[in-house]
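So the sequence lines, in the order shown, correspond to chains B, G and P.
Going letter by letter, the first sequence gives residues 1 to 113 in the working numbering.
Going letter by letter, the second sequence gives residues 1 to 113 in the working numbering.
Going letter by letter, the third sequence gives residues 1 to 113 in the working numbering.
Quick caveat, the hints were computed from the structure, so don't treat them as lab data.
Please read these numbers as outputs of a predicted model, since none were measured by experiment.
One copy or two, it doesn't matter: identical chains are merged, so the pair holds either way.
Here are the computed lysine to aspartate or glutamate pairs in the EDC-like style, where the Cα-Cα straight-line distance is at most 20 angstroms:
(1) Lys38 - Asp15
(2) Lys38 - Glu62
(3) Lys2 - Glu23
(4) Lys105 - Glu79
(5) Lys69 - Glu79
(6) Lys105 - Asp26
(7) Lys105 - Asp15
(8) Lys2 - Glu98
(9) Lys105 - Asp72
(10) Lys69 - Glu23
(11) Lys2 - Glu62
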Amino acid sequence: MKKIETIIRPSVFADVRQALALEGIDGLSVTEIAGIGKQEGRVGLFRGNAYTMEFSPKLKLEMVVDDDKVEDIIQALLEYASTGQVGDGKIFILPVEEAIRIRTKERGVVAIG
Amino acid sequence: MKKIETIIRPSVFADVRQALALEGIDGLSVTEIAGIGKQEGRVGLFRGNAYTMEFSPKLKLEMVVDDDKVEDIIQALLEYASTGQVGDGKIFILPVEEAIRIRTKERGVVAIG
Amino acid sequence: MKKIETIIRPSVFADVRQALALEGIDGLSVTEIAGIGKQEGRVGLFRGNAYTMEFSPKLKLEMVVDDDKVEDIIQALLEYASTGQVGDGKIFILPVEEAIRIRTKERGVVAIG
Ligand SMILES: Nc1ncnc2c1ncn2[C@@H]1O[C@H](COP(=O)(O)OP(=O)(O)OP(=O)(O)O)[C@@H](O)[C@H]1O
Ligand SMILES: Nc1ncnc2c1ncn2[C@@H]1O[C@H](COP(=O)(O)OP(=O)(O)OP(=O)(O)O)[C@@H](O)[C@H]1O
Ligand SMILES: Nc1ncnc2c1ncn2[C@@H]1O[C@H](COP(=O)(O)OP(=O)(O)OP(=O)(O)O)[C@@H](O)[C@H]1O
Ligand SMILES: [Mg+2]
Ligand SMILES: [Mg+2]
Ligand SMILES: [Mg+2]
Numbered sequence: 001m002k003k004i005e006t007i008i009r010p011s012v013f014a015d016v017r018q019a020l021a022l023e024g025i026d027g028l029s030v031t032e033i034a035g036i037g038k039q040e041g042r043v044g045l046f047r048g049n050a051y052t053m054e055f056s057p058k059l060k061l062e063m064v065v066d067d068d069k070v071e072d073i074i075q076a077l078l079e080y081a082s083t084g085q086v087g088d089g090k091i092f093i094l095p096v097e098e099a100i101r102i103r104t105k106e107r108g109v110v111a112i113g
Numbered sequence: 001m002k003k004i005e006t007i008i009r010p011s012v013f014a015d016v017r018q019a020l021a022l023e024g025i026d027g028l029s030v031t032e033i034a035g036i037g038k039q040e041g042r043v044g045l046f047r048g049n050a051y052t053m054e055f056s057p058k059l060k061l062e063m064v065v066d067d068d069k070v071e072d073i074i075q076a077l078l079e080y081a082s083t084g085q086v087g088d089g090k091i092f093i094l095p096v097e098e099a100i101r102i103r104t105k106e107r108g109v110v111a112i113g
Numbered sequence: 001m002k003k004i005e006t007i008i009r010p011s012v013f014a015d016v017r018q019a020l021a022l023e024g025i026d027g028l029s030v031t032e033i034a035g036i037g038k039q040e041g042r043v044g045l046f047r048g049n050a051y052t053m054e055f056s057p058k059l060k061l062e063m064v065v066d067d068d069k070v071e072d073i074i075q076a077l078l079e080y081a082s083t084g085q086v087g088d089g090k091i092f093i094l095p096v097e098e099a100i101r102i103r104t105k106e107r108g109v110v111a112i113g
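Just chain B, same shape as in the assembly (with noise of 0.2 angstroms):
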């Protein structure tokens, strides 16, 4: 199993969340953020000197997926998720050990669903 971890622009939410249902996506979480990329000035002062501080608010969504729809995932973000523009945000995956749903116990593939 993978975790997924997306940070992606805020207005495109709806499009990929429709997009990771067709993909049998059923279960995510969604946390707002506040960003920090390139897109934001890059700043040069330092302890005591001004400095602009600048955040992109963006949202974070975290799936755990049978490792064969990783792809297939990323795939369906890549274009839903993408406007062209510097700010589009990244994709990680991460290795998960166990996943168990609380409910009935069940652990493993069968519990991510």
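The hints should help you fit chains G and P with the ligands onto chain B, whose structure is shown.
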């Protein structure tokens, strides 16, 4: 070391937090997330068509623990986070390579608590 | 690639952010979390009994970086996030299998920045 991420109902948080304290867990992070799960209606329509976007407010708890404690914490979560209704949530276990306590610069299992 | 997750005091954020920029980190996500740590009183009573629930507002910073940068970033965090008081927070290092820049579809270390 492992990271335990669990998505739970806000209503069970107080009991879960107490159960974790009894297991010796005195460090964790709590985040409010917007959850999408089987609980929320599956959506068939797409792009330009009407659809219902639904979320359930959930809490994400994150804690890094010693490998030896993982199973006891899973059992505590299964006991105190479960209501038996759809939407009770998940437990995910991820590998952690290093932990550092900022105040003392200690590393490894001693840095967790 | 590694994911660095660090829980810090909000009061040190501006200095930490600057120190990270000087290390070449120009992408990260910031989330407000409710922290529970040694700082907060341990609770002995349970279920139906009175107890004190206490949180400290903390910031969680998440950044995916090249393996080569991990130790320098840890050192920057240890220097700028530390006040010497209980509650300075933690650094956790997790493995990352893939990173993808949504705009260009680039993968791997080139996709991080
Ligand atoms: N290395 C990273 N680790 C974690 N989060 C990151 C990282 N880089 C960027 N992010 C997140 O992604 C968001 C978008 O970053 P940014 O504006 O730099 O665009 P990008 O995704 O790097 O692509 P590009 O700048 O090439 O268009 C940031 O606001 C931040 O939340
Ligand atoms: N695969 C997943 N990856 C990440 N988060 C998930 C995943 N599945 C569910 N979640 C999170 O768990 C919450 C609960 O999901 P859901 O309502 O489907 O119940 P469940 O935990 O799947 O159990 P069940 O539906 O069988 O009772 C969701 O709102 C979402 O935040
Ligand atoms: N094991 C852990 N796993 C995940 N998050 C943790 C863990 N321990 C602490 N945290 C987070 O770090 C924050 C600070 O914890 P705490 O007040 O105990 O200080 P500390 O970092 O443990 O260092 P010390 O207490 O030794 O000064 C907590 O509020 C919590 O958000
Ligand atoms: Mg960038
Ligand atoms: Mg479900
Ligand atoms: Mg502590």
